[in-house]
Amino acid sequence: MALFILKRLGLGLITLLILSAIVFFAAQVLPGDPARAILGPFAQQSAVNALSRQLGTNRSVFAQYGTWIGHVVTGNLGTSYAQQAPIAPILGKALVNSLKLAALAFIIVVPLAIFGGVEAALHVGKLRDRLITIFGLTATVIPEVVTGIVLILVFGLWLNILPISATAPPGSGIGDQIYHLILPAIPLVLILFGYISQMARAGTVEALNSDYARTATLKGLPRGVMIRRHILRNSLLPTITVIATQTGYLIGGLVLVEVLFNYNGIGKLILTAANQKDFPMLEACVLVIGAVYILATLVADVLFTLLNPRIRYRGVE
Amino acid sequence: MSVDTVPVESAAAVGAAGADVRRRELLRELKAQPAFWFGAFILGFWILSAIFGSLVVQDPLAQTLSKINQAPSSEHLFGTDQLGRDVLARVIIGARPILIVAPLATLLGTVAGTALGLVMGYFRGAVDDIVSRFVEAFLALPLVVTGILLSVALGASNTTLIIVIGIVFTPLIARTVRAAVLQERDLDYIAAARLRGESSLYIMFAEILPNILAPIMVEFTVRLGYAVFTIVSLSFLGYGLQPPDPNWGSEIAANYQQVAAGYWWEVLFDALAVASLVIGVNLVANSIERGLDAS
Amino acid sequence: MRDARSELENHYIDELVAGRLSRRQFMRKGAVIGMSTGLMGAILAACGGANKVGTAASQTSSAAGGGASSSSAPATKGGTLKLAMQTPATAINPLIVDDAGGLNLLAQTGEFLTFDNNLLLHLEPMLATKWTPSKAGAVWTFALRPNVKFHDGSPMTADDVVYTFQQLSNPKNASNALSTFAGVLKPEGVVKVDANTVAFHLEAPNGNFPYLVSSDNYNAIIVPKGTDYAKWQKTFIGTGPFKLKSYTTNVGANFDANPDYWGGAPNLDSTQFTFYSAQQPQILALQGGTVDVIVQFVVQGAQALLNNSQYNIIKLKSSNHRELSMRNDQAPFTDKRVRQAIALTLDRPGMVQALLQGLGVVGNDSPFSPKFPSTDTSVPQRTQDLTKAKQLLQAAGHGSGFSTQLVTEQYEEVPQLAQVIAEAASKIGVKINLKVENQSSYYGKATFGNSDWLDGTMSLVDYGDRGVPNVFLDAPLLSSGTWNAAHFKNPTYDNLVKQYTAAVDLQSQRQIAGKIQTLLLDETPLIIPYFIDGLTATTQSVKGVNPTSIAAIYLKNASKSA
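Listed in order, the protein sequences are those of chains A, B and C. Going by my numbering, the first residue of the first sequence is number 1243, and it counts up by one from there. Going by my numbering, the first residue of the second sequence is number 1038, and it counts up by one from there. Going by my numbering, the first residue of the third sequence is number -9, and it counts up by one from there.
Treat the hints as calculated values from the structure; they're not laboratory data. Please read all numbers here as calculations on a predicted model, not as lab measurements. Where a beta carbon is used, it is the ideal one built from N, C-alpha and C, also for glycine. Do not rely on the hints blindly, as some may be mistaken.
To be verified - Using 25 Å as the maximum straight-line C-alpha spacing, the simulated SDA-like pairs for lysine to any residue come out as follows: (1) A:LYS1335 <-> C:ASN240; (2) B:LYS1104 <-> C:VAL288; (3) A:LYS1335 <-> C:ASP89; (4) C:LYS421 <-> B:LEU1092; (5) A:LYS1249 <-> B:LEU1092; (6) C:LYS176 <-> A:SER1294; (7) C:LYS120 <-> C:HIS191.
What the hints assert, rightly or not - To give an idea of the interface, some chain B residues facing chain C are shown, with a C-beta separation under 8 Å as derived from the structure: (8) ALA1069; (9) GLN1070; (10) PRO1071; (11) LEU1098; (12) LEU1102; (13) GLN1119; (14) LEU1120; (15) LEU1191; (16) GLY1192; (17) ALA1193; (18) GLY1275; (19) PRO1281; (20) GLN1294; (21) GLN1295; (22) VAL1296.
What the hints assert, rightly or not - Residues on chain A that point at chain C, a partial pick, calculated with CB under 10 Å: (23) GLY1282; (24) SER1294; (25) TYR1323; (26) ALA1324; (27) THR1514; (28) ASN1517.
Let the sequences and hints guide you as you build the complete structure.
Take a look at the structure:
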């Protein structure tokens, strides 16, 4: 197992390296150049040239990439072109903000989706199952922008009960912060609900059909007790793994939610960095997101393997 | 759908005939599902709107600067926007670009993803390992971010949007196809084809492909919903289609700032249109998936 | 009173008496040539009822950066003012800053030689108390305010001013002020006369030079000699009424009152700026009471604030505008009749109503905003005339119309304006296809051949407010202009602009302006449909804020009642 994890981590590092190279070189096709983006369209070309020399962006792409990667391996994320400040603290703050939002979404969605999934599984093929399944699948593909707009209109403007800006005033306590994050979390909840409830449903169906469950039913164990004691535990396994794999999606979804609700998270940071051609910032964001995705996938696979002995070492590649 | 029982010599031919039978069974399954009919109705509505909408509604481009931001009334059922254009007309005609871009983009992604997945799954080994790293790297990047990088690099247009979404979908579909190929490649009929000395290209596309069409079809329908999702999201961020021709994502982006002023009709109907289209596509996709499972 | 006045000063007094100069404009022009506010007040009083226009101009504030003079009651002392502003796009480096967010932060702790008071539309002393041109206007001498201290306690002297302007005008530096100083000022032209006097030896005579060292040129805050500009954002060191408490990238900035300020301590104890990347949350924050002030907003989506008695809306006349350039070197726009025809299709008053909710004025296809005193208002206004437009198109051989592309940026109401223009042009058979890009794609490298902005057949761009039209007249329209998206090359025009720049007195400035306006109206290298008012919103409890049209806000005299 340890060997497996090591191998996966190694592959993960290679993936990150490829990712950073793809983004770095792909970003070169973006119009304009960093110094021009910082100084604005109306700056004199001589000023732009001077800034390019200061930033080192007048060098070849390979030299720039080399410098950047050299810093990264020594644990230095570098300096933002646009902000002329170390990236780590800026990125750190944004990441924490995004994680707060993601955490709230998970806290809301996990119990709901597991309940929904189990409920559907207990009524397989019936109307209730069909409704939950279709609701889940549908919610999963409605863009966050669309749900976000409807939520803003209904709860923010018509009922006026929830703030439509995700950022709490400076110095707010945790309660106030959560209050501001409720609306932005809902589009994420809707999208995740489909995935997680489907997994919970599948896990439960499988558990219900297992020999163990049949024996327990034959022995006259009350249904409620059986569900709580055994089925739920078994159905949780695949659910945990799907939660881990959805972390990757979540970060992508955050870009839109953060823009819509004006929230200073990593999604908005990466968008700004791409627009400003702030390569070090863009790369740092991409690396962090990539690392989170790869780690989450690894954790998902490890959990899946550990908790489900039947497919140990087989289902993972 | 057990391939083992089919005589190996004519796997391809029988595969095609089998597909025919399956298609008939699938249709029968679908007809029995109310969800399918509901989804098809919504889809049909938007397709008809896109084609014939202009016969019914006002000119979606006609501006009346003296009548901007007007609330819904009998004259303008969905109100007017910030240039005094009829919102109803813009919602109806706004179906057009999405219904053109989404299927084409999904098709592109499916074709490219299938080809890539076939190669990865069939050759395995070094080819698979290397391509897999790239696919992984691609998937580690948020879809919207990839979309933005590509859109900015290629310049905004319908064609760009098709290419961008096609590229973004390719690795996703490739992963599914690869998994399907891995299940097929060790079966007897493939071994037989190899013994006959068929080329790899022939085996991949003439032998394996017909037998993995079902998962590819499911993938296509599911991705169709995501294509709408992606178009709307990219348009909202300003990387979508060009004005003044209406499309739902750009309408939401252009009028979103008006919400605080109370002009809710300028975004709500577009948002509901997106939601309904996506629901329609999804109901149909889900019904097909169930139908395939059952048949 | 007149005997002691210079020739130029007497000229302005004559203009005032003759009624060619309103009181407001007199204050403005007088200030440019360094007449003191007190003197101008005395002259205005002496002129008595000669000119009743703009009496508000006589209520000048005594300290530079003074607030709106509307309140006569004593201001409330103490408190923290909370403001919503645009997130600065880049590091707060005075050399580099080029965006609304960044320049407003510079203005919080930094000060300029002169202050362009946008409320009163005149130039005021700030760190300079007096300035005088040489006869031809090629050398300007500034007397510095004595006993001014930087926030670290060190005195502000001529050495600091010389250092500041040498850095700003050095072509080897990444300085944004170069777009103002190129061809005007070189580092060696900045000369220390004595500890409290600095002379600027210009490359060519320039009648409006005091505006180029004013708060208009937002990079030009005076910093201590030897300042490392890249590290400035750690201290925000300046001479202003507030000093830095904390600055957090992308989040906000807090400032405390400077008790040692040369103009006396400000009313407020502190100010707190929160950064927003969009306007809508700023409006909601004001409505929700989270902030007291929105430093600057645009009218789209802000309609709820406009007619609400809970809020004070400060409207500033501005030269902020949009320019639609047509490639004068590319068919069909090589023919000026085609360019005129497009310009004639626009319903300008309708556009101001619809796109700006009436908060702006119509433009006449030249950058001379009605805001500038030198603008010749007798040049006839172009109005919509579709018949004439069709005739012109016919005469140019395009009677059946043509098809072309307009490229523009996603910025404020610009995409909507592009759609209105396309719709208007379609009425004379011209089909305009739009290409709306995000700003980085649109501007590209901002050099010819590498920029949709400069290369597009039709290109629609935004220009922010300036105190004087010089910048608008130069780079976007001169034959050698680096922002000449219209590719307009006209020697007569070039020569007129040279004369205009050199002209020191208003009479000749206005005379040349009239010629330039007439020439541009005839040639129509570009279309300027309107000028947009600068808008600031505060709650009713806030008094004395002094915003500018470039989105900086001066808070020395601001106060907030409980």
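Against the structure, the hints:
1. A:LYS1335 <-> C:ASN240: holds (10 Å)
2. B:LYS1104 <-> C:VAL288: Holds, at about 20 Å.
3. A:LYS1335 <-> C:ASP89: holds (23 Å)
4. C:LYS421 <-> B:LEU1092: holds (22 Å)
5. A:LYS1249 <-> B:LEU1092: At roughly 62 Å apart (the allowed maximum being 25 Å), B:LEU1092 and A:LYS1249 break the hint.
6. C:LYS176 <-> A:SER1294: The hint holds at about 22 Å.
7. C:LYS120 <-> C:HIS191: holds (17 Å)
8. ALA1069: violated (48 Å)
9. GLN1070: This interface hint is violated because 43 Å lies over the 8 Å limit.
10. PRO1071: Interface hint status for B:PRO1071: violated (41 Å vs cutoff 8 Å).
11. LEU1098: Result: holds, 7 Å to nearest chain C Cβ.
12. LEU1102: Cβ of B:LEU1102 sits 4 Å from chain C, so the hint holds.
13. GLN1119: holds (6 Å)
14. LEU1120: holds (6 Å)
15. LEU1191: Hint on B:LEU1191: violated, closest Cβ of chain C at ~10 Å, above 8 Å.
16. GLY1192: holds (7 Å)
17. ALA1193: Holds: closest Cβ of chain C sits about 6 Å from B:ALA1193, inside 8 Å.
18. GLY1275: holds (5 Å)
19. PRO1281: Nearest chain C Cβ about 5 Å off; hint holds.
20. GLN1294: This interface hint holds because 4 Å falls under the 8 Å limit.
21. GLN1295: Since chain C brings a Cβ to about 5 Å from B:GLN1295, closer than 8 Å, the hint holds.
22. VAL1296: Hint holds; B:VAL1296 Cβ to chain C Cβ min 7 Å, cut 8 Å.
23. GLY1282: holds (4 Å)
24. SER1294: holds (8 Å)
25. TYR1323: Holds - the Cβ of A:TYR1323 comes within 10 Å of chain C, reaching about 9 Å at its closest.
26. ALA1324: Status holds, d = 5 Å.
27. THR1514: holds (8 Å)
28. ASN1517: holds (5 Å)
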